[in-house]
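Asks: All chains should be built: construct the whole structure from the sequences, respecting the hints.
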Amino acid sequence: MGSRILFVVMIILALLAPQVLDVFWVNTLIQILCLGLLALSVDLLLGQTGIFPFGQGAFFAVAAYTVAILQVRLGQPTYLAAPAGLAAAVILALVYGLAVRTSGVYFLLVTMAMGHIVWGVSVRWVALSGGDNGIGNIPYPQIGSFVIKGASPYYYVVLTVVVLCMLGYRVLIRSPFGVTLRGIRESESRMRALGYSVGAHKYVAFLISGALAGLAGVLYVYFNRLVSPSTASLHVSVEAALMVIIGGSGTIFGPFIGSAVILILRNYVSGHLVQWMTVMGLVFIVTVLWAPDGLLGLVRRIRIKESGRLRQKGSRRA
Amino acid sequence: MDWVVQALNGLSMAALLFFLASGFTLSFGLTRVANMAHGVFYLLGGYLGLSAFKVTGSFWLALVVGGAGTIAVSYLCERYLIRRTGENELAQVLLTVGIVYVIADIALFIWGGDSLTIPPPAFAEGPMDLPGGMVYPKYRLLLIVFGVIVGGLLWFLYKRTQLGAIVRAGVDNREMVNAIGINIVRLFGLIFSLAAFLAGMSGVVGGAFIGLYPGAEWEILILALVVVIVGGMGSLGGAILGSLIVGLVDSYGRWLFPELAHFMVFGPMAILLLFRPSGLFGREA
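Residue numbers (our numbering), protein chains in the order written: chain W, 1 to 318; chain E, 1 to 285.
By construction, these hints were calculated from the structure, which means they are not laboratory data. The reader is advised that the hints may include incorrect statements.
Computed beta-carbon distance windows for the label pairs [said to hold, decoys possible]:
id	chain 1	residue 1	chain 2	residue 2	range
1	W	306	E	55	55 to 65 Å
2	W	95	E	215	23 to 33 Å
3	W	290	E	75	19 to 29 Å
A short list of chain W residues far from chain E (calculated; beta carbon distances all over 10 Å) [as the list claims (entries may be wrong)]:
id	residue
4	73
5	163
6	200
For every residue, glycine included, the Cβ atom is placed at its ideal position computed from N, Cα and C.
Replies: Below, the structure is given as structure tokens:
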């Protein structure tokens, strides 16, 4: 019940945000939502299935590049380019899904190497990707004669898509499929012994995760209006994983909280300090060593401690 | 003739990759730490070597300083950071990524963002005539010879000495090795330092070959990872075969299909994963 009220309050705050905040912060919010969605795609594998993807940026970037190429190079309309971006990410996930044959840290390394291929192509295949310059001047999304122009209108589009994704995600992880994924996370061998097809479940989870990451890429490219190899770089994948850990894995809000923490910190620090990469690195180190369950985990731990203390008091009275 | 030149290019790249991948695979096999900082140790070793070269003018001293300096940094990272993560693989990966960010940023601050190269030793400068009318850089040939020597030394260390036997036993069952009275923590530290030395040294070697620049830490790490994934984690033989495959495929790929060079390296990896998820010489994870 509490989480439902929280959800409604957050929706209202999110709806009011563009009325109160200036353009800089509305843009930051759009980034938070897009990268939060990417982090959510990581968490489907990390928090629910228990496998750590390190190449999620690949789907994000392939979707973004597909949209850019279709819109700018081929002059296709948004209603074709945006679904095509999503489809490209899913097709890539169909291939990269091979990675689920490996497990543990091998899976992490393999997905990392796979993610790097996309970066390599974006740098080298200049005729297709524009090389280091990337593809710029991506038009505003347009449906018929209706153009979604400016930060606030686009913010509402992103917010709608993200909220729908969160609701869909909630249904997914509460479905028998989601429960099976958590079963795999807890004990793969036991699930196999119970007759579940572990490989197929992981593969489908990987596909859904790739689709979510692709959707995040589509949303992001219409915001950024430029796509370059940095969109495909390892940093995107790695930071998405960090967002999940900071926010708390295995939750729906966690990835978005993590995304907010990282992006606000980065936007703030990079405005004041040239060495913001060092700061990011220290955030990685501090999170891993002192808050391995993330901020939500920290809150939960404090709550458990509190309720334990209350229970102790109660029993003493009795 | 071009085919032979590309083969030599591939072999010299394989030698460089072997220095990196052998350290990564041995330290991973024993400690189970997937050290993302291996690539930044390469870069750091190269930069330290470059500074040492500027002061002393000696390539060999640069090699020693690059290797030793990297050991010092890696020791601090292992002793005070990585060791605290216990056996949580994800935590180790994220922690070492954090180390990469910090070291790479500091290196950028000290050595700047331009691509820098270390001059090779005087006797290996310039081209050399090979039979068949070919001309080839001496330094790359030296690299191949160097690769064979280091490979031989590591092989001897791993298969013929007591330390190697302990390491091999540790890869198989580290609890048992610990139980029979061998200080496993010290052993981890030792192998971690050996890996860092190899990475730092290869930074100097690679600095005279492909150059040192920000971003190299990830590029070289990924290539080393592919070597290790193809060869199988924790296997020295796998690292040798893996670097040969990746080095040669990379060289021919760049030459034949320059735009798809990355596909060329990762293609064999993907196909191999279909049939042998644990690599050529790896065991089931």
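Asks: None of the hints should be skipped; say for each whether it holds.
Replies: Going down the list of hints, with the structure as the test:
1. W:306 / E:55: 55 to 65 Å: holds, 59 Å
2. W:95 / E:215: 23 to 33 Å: holds, 26 Å
3. W:290 / E:75: 19 to 29 Å: holds, 22 Å
4. 73: It holds; residue 73 of chain W is separated from chain E by about 16 Å at its closest Cβ, greater than 10 Å.
5. 163: Label holds. Min Cβ-Cβ 29 Å, cutoff 10 Å.
6. 200: Nearest chain E Cβ is 16 Å from residue 200 of chain W, so the label holds.
In terms of the numbered hints stated before, the structure departs from none.
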